[in-house]
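Q: Spelled out from the first residue to the last, the chains are:
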Amino acid sequence: MASAVFSDSRWIARGEERTSLSRFLFWLAPWAIVLVVGIYAAGLCLYYGLNQTNMDNRFAFGLWIFLDLGIIALGAGAFFTGFLVYILKRSELRPILNTAVVVGFICYSGAVAILMIDVGQPLRAWFTFWHPNTHSMLTEVTFCISCYLLVLCLEYVPILLRSRQLRKLPSLLVFEHQLHKLVPVLAGVGTLLSFFHQGSLGGLYGVLRGRPFAFRTGFFIWPSTFFLFILSAIASGPSFLMLVAATVEKVTGRRFVPQELFRRLGFISGVLLALYVAGKSIDTLIWLNFTSPSEGFAPWQYYSHKPFGTPILFAEIVLFGLLPAFLLTYRRSAARRGWLLSAAALACAGVLLNRFVLTVQTLAVPTLAFDEFLQYTPSWQEVASFAGVIAYGVIVYSLSYRYLPLFAPSRGENTHVSGD
Amino acid sequence: MFPGIDGFHWTIGHVVFLSLFFAVVATIFATVVSAAWRTARDFRTNQAVELCWKSSFAELPESDRRCRHELAGRVISRTCDNAFDCRRCSKYSQFAVLPARAPVHSLGLNYSGDRFYHRGHTWVKPAEDGTFTVGLDELADRLVGNPDSIEMPEVGTELEVNQTAWCMKKNGNEIQVRAPIDGAVIGVGGSKQGWYLKIRPRLSSSDPLTLRHLLRGPEVQGWLTREMERLQLQLRSPNTPPALADGGVLMPGLMDALPEADWDTVLADTFLGA
Numbered sequence: 000m001a002s003a004v005f006s007d008s009r010w011i012a013r014g015e016e017r018t019s020l021s022r023f024l025f026w027l028a029p030w031a032i033v034l035v036v037g038i039y040a041a042g043l044c045l046y047y048g049l050n051q052t053n054m055d056n057r058f059a060f061g062l063w064i065f066l067d068l069g070i071i072a073l074g075a076g077a078f079f080t081g082f083l084v085y086i087l088k089r090s091e092l093r094p095i096l097n098t099a100v101v102v103g104f105i106c107y108s109g110a111v112a113i114l115m116i117d118v119g120q121p122l123r124a125w126f127t128f129w130h131p132n133t134h135s136m137l138t139e140v141t142f143c144i145s146c147y148l149l150v151l152c153l154e155y156v157p158i159l160l161r162s163r164q165l166r167k168l169p170s171l172l173v174f175e176h177q178l179h180k181l182v183p184v185l186a187g188v189g190t191l192l193s194f195f196h197q198g199s200l201g202g203l204y205g206v207l208r209g210r211p212f213a214f215r216t217g218f219f220i221w222p223s224t225f226f227l228f229i230l231s232a233i234a235s236g237p238s239f240l241m242l243v244a245a246t247v248e249k250v251t252g253r254r255f256v257p258q259e260l261f262r263r264l265g266f267i268s269g270v271l272l273a274l275y276v277a278g279k280s281i282d283t284l285i286w287l288n289f290t291s292p293s294e295g296f297a298p299w300q301y302y303s304h305k306p307f308g309t310p311i312l313f314a315e316i317v318l319f320g321l322l323p324a325f326l327l328t329y330r331r332s333a334a335r336r337g338w339l340l341s342a343a344a345l346a347c348a349g350v351l352l353n354r355f356v357l358t359v360q361t362l363a364v365p366t367l368a369f370d371e372f373l374q375y376t377p378s379w380q381e382v383a384s385f386a387g388v389i390a391y392g393v394i395v396y397s398l399s400y401r402y403l404p405l406f407a408p409s410r411g412e413n414t415h416v417s418g419d
Numbered sequence: 000m001f002p003g004i005d006g007f008h009w010t011i012g013h014v015v016f017l018s019l020f021f022a023v024v025a026t027i028f029a030t031v032v033s034a035a036w037r038t039a040r041d042f043r044t045n046q047a048v049e050l051c052w053k054s055s056f057a058e059l060p061e062s063d064r065r066c067r068h069e070l071a072g073r074v075i076s077r078t079c080d081n082a083f084d085c086r087r088c089s090k091y092s093q094f095a096v097l098p099a100r101a102p103v104h105s106l107g108l109n110y111s112g113d114r115f116y117h118r119g120h121t122w123v124k125p126a127e128d129g130t131f132t133v134g135l136d137e138l139a140d141r142l143v144g145n146p147d148s149i150e151m152p153e154v155g156t157e158l159e160v161n162q163t164a165w166c167m168k169k170n171g172n173e174i175q176v177r178a179p180i181d182g183a184v185i186g187v188g189g190s191k192q193g194w195y196l197k198i199r200p201r202l203s204s205s206d207p208l209t210l211r212h213l214l215r216g217p218e219v220q221g222w223l224t225r226e227m228e229r230l231q232l233q234l235r236s237p238n239t240p241p242a243l244a245d246g247g248v249l250m251p252g253l254m255d256a257l258p259e260a261d262w263d264t265v266l267a268d269t270f271l272g273a
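Residue numbers (numbering that gives the first Met the number 0), protein chains in the order written: chain Y, 0 to 419; chain B, 0 to 273.
Derived by calculation from the structure, the hints in this document are not laboratory data. C-beta: ideal position from N, C-alpha, C; glycine also. Be careful, since some hints might not be right.
[As the list claims (entries may be wrong)] Derived contacts from chain Y toward chain B, CB cut-off under 8 Å, selection only:
id : residue
1  : Phe142
2  : Val188
3  : Ile389
4  : Val393
[Stated by the list, open to error] Label pairs and their calculated CB-CB ranges:
id : chain 1 : residue 1 : chain 2 : residue 2 : range
5  : B       : Ser33     : Y       : Leu159    : 12 to 22 Å
6  : Y       : Lys249    : B       : Glu153    : 37 to 47 Å
7  : Y       : Gly308    : B       : Glu61     : 57 to 67 Å
8  : B       : Arg225    : Y       : Arg9      : 22 to 32 Å
[Claimed, not checked] No farther apart than 30 Å at their CA atoms in a straight line, the calculated lysine-lysine pairs in the DSSO-like style are these:
id : chain 1 : residue 1 : chain 2 : residue 2
9  : Y       : Lys249    : B       : Lys191
10 : B       : Lys90     : Y       : Lys88
11 : B       : Lys191    : B       : Lys168
12 : Y       : Lys88     : B       : Lys168
13 : Y       : Lys167    : B       : Lys53
14 : Y       : Lys180    : B       : Lys90
15 : B       : Lys168    : Y       : Lys167
16 : Y       : Lys180    : B       : Lys53
17 : Y       : Lys167    : B       : Lys169
18 : Y       : Lys167    : B       : Lys197
Could you build the full structure based on these sequences and the hints that come with them?
A: Written out as structure tokens, the structure is:
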């Protein structure tokens, strides 16, 4: 009935077919409920403080930081696709560019929102900018993520301004055109910022001398995890974009992304994943044989606490690393959509597992003689906030897909005019 | 961190880190300011009309961007990549001399041979005094019927080709009609007069560039045939497969006759709207 009384057809791009408004609202409703519960849980944490969580001084990083690290890695497809299209001029990736920007925007805005809760005192969030510890990797992360979210907002604006009704306003249309022409500058800035914050997120674990499970040596001031985080993020980003696009195609029953583009993204992802697996393997061998023993720890003792046994290490490197890298790059498997998407899912699972291990296992395993193995179960407020961010992402993406030209160009060949 | 905070001392770390940070912030800020400044400049120098038109043109499906020479049957297939501006097309003269081979059908619409047609469904008729009369073509006229209201430009207004010349409202839909030629408005009519504007062209009326971008002769037939096909597809009942034309004639006042159709899309496609 809703669609009979209210129609949003004037906001849907010309020539595009979308489901009825009532069906769309029916799809959004459960996600909206999850989001509202998440906002309530976040409100409790902000009002009453972090005693609403099950984190403590020992287990200071939990589900939220895992979520942050995970979605920031998966959102790397935004900067990396922008880098490939605008800096390396790989124009064949253009059809996926808008969706990459929206996915990146969702990931980073979700991460910043959850960080605001995690900081515990959001009214003092500005302290990090006014009193930064310039020796801290986290300071670099804070600055870079804040700036990069701003960049993503600016990259999202041209997509927003091309909505059917907004583009009728000449001033907005011309501004969109001019801003779009400057997007390569933003893509360059975004690449620089992403390079450093992805790296610093890994680096902040690598410099933890007091946590020998995570501590790594490296190059100059950067531990090896700095480089591994960058590599794993740019390897999983394109895979995540493939999964998002394939999910949209499955839900809508339409094809937006040519199979060749899927293969291209898969190949890029696979090659980078292979490089990451090589780097990770070398890093693990160095850590097992030199770094950890030099700190006075037999490395296998880290894996004596269930469920963090050696199978996790095997899964991280082989099952979620080597296997998808092979499937994504091998011509025969990459030619089959099922294999390609399964491999992309494995690659994404691999980067999530890596972030989980570095966040949770690092803190769980005992370090000092009187330490015990710690177990941490997130409170419902943490889980609800986590789910709220996921629901937020689904809602924003659904709205963007419905009203914005995410998979342009679908009508004209060139959606942006050339010349000044 | 900053001076004024107790215990603050500048170090090389502060300098390097803050320089990098503020360089990035400045770049982002400069990008936005530059885009805003360029936008203002485009409006100041009248480039905005052309940009908006090119942007709208780029949104057209390929089937609506056919070259006039294809419409006339001079070439088999050619997509316009010049925003329908044949004045700047390097290939125009090469194809214009070829014989037109498009079949002629009777579409039941009156498209006079002494007029020139813009793809936004306006016609231009030269007068002996060097001015031009502009009106809505018959397809647009039958579609809209009697508009509920019309907003015309004032006499003396300078119009750019493809700029909105006048606006009409019909059943809650706003219709922006594009100007077919550059020039100054010297007279304003309306639907009852059978013409809408009288324009003194910017270039001389005898200058071949004044009307070169407009369709004429056999090109009009080819264009209209495709426009009718598009209309048939857009106005068919939902879930009805495309059917062969039955030879009927477009009835007048279609917007009143088919109020449930997606007129926002039909009008935007017909009048080359944004």
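Q: Hinted pair, alpha-carbon criterion (30 Å max): Lys167/Y, Lys53/B. Please report holds or violated.
A: holds (13 Å)
Q: Does the beta carbon distance between Lys249/Y and Glu153/B stay inside 37 to 47 Å, or does it fall outside?
A: Violated, at about 55 Å.
Q: Holds or violated: are the alpha carbons of Lys167/Y and Lys169/B at most 30 Å from each other?
A: Within the cut-off at roughly 18 Å; holds.
Q: Confirm or reject the claim that Gly308/Y and Glu61/B have a C-beta distance inside 57 to 67 Å.
A: At 58 Å between Cβs, range holds.
Q: Quick one, are Lys167/Y and Lys197/B close enough, alpha carbons at most 30 Å?
A: Holds, because 26 Å separates the two Cα atoms, which is no more than 30 Å.
Q: Taking only the CA atoms, is the gap from Lys168/B to Lys167/Y under or equal to 30 Å?
A: holds (15 Å)
Q: Could you check if Val188/Y really has its C-beta closer than 8 Å to a C-beta on chain B?
A: holds (5 Å)
Q: Does the Cβ pair Arg225/B, Arg9/Y satisfy 22 to 32 Å?
A: holds (25 Å)
Q: CA of Lys180/Y to CA of Lys53/B, is that 30 Å or under?
A: holds (14 Å)
Q: Given the hinted pair Lys249/Y and Lys191/B, is their alpha-carbon gap at most 30 Å?
A: violated (53 Å)
Q: Checking hints one by one. Is Ile389/Y an interface residue toward chain B, by the C-beta closer than 8 Å rule?
A: Nearest chain B Cβ about 29 Å off; hint violated.
Q: Check whether the Cα positions of Lys191/B and Lys168/B lie no farther apart than 30 Å.
A: holds (15 Å)
Hints 3, 4, 6, 9 and 12 from the list above are not met by this structure, while the remaining hints are.
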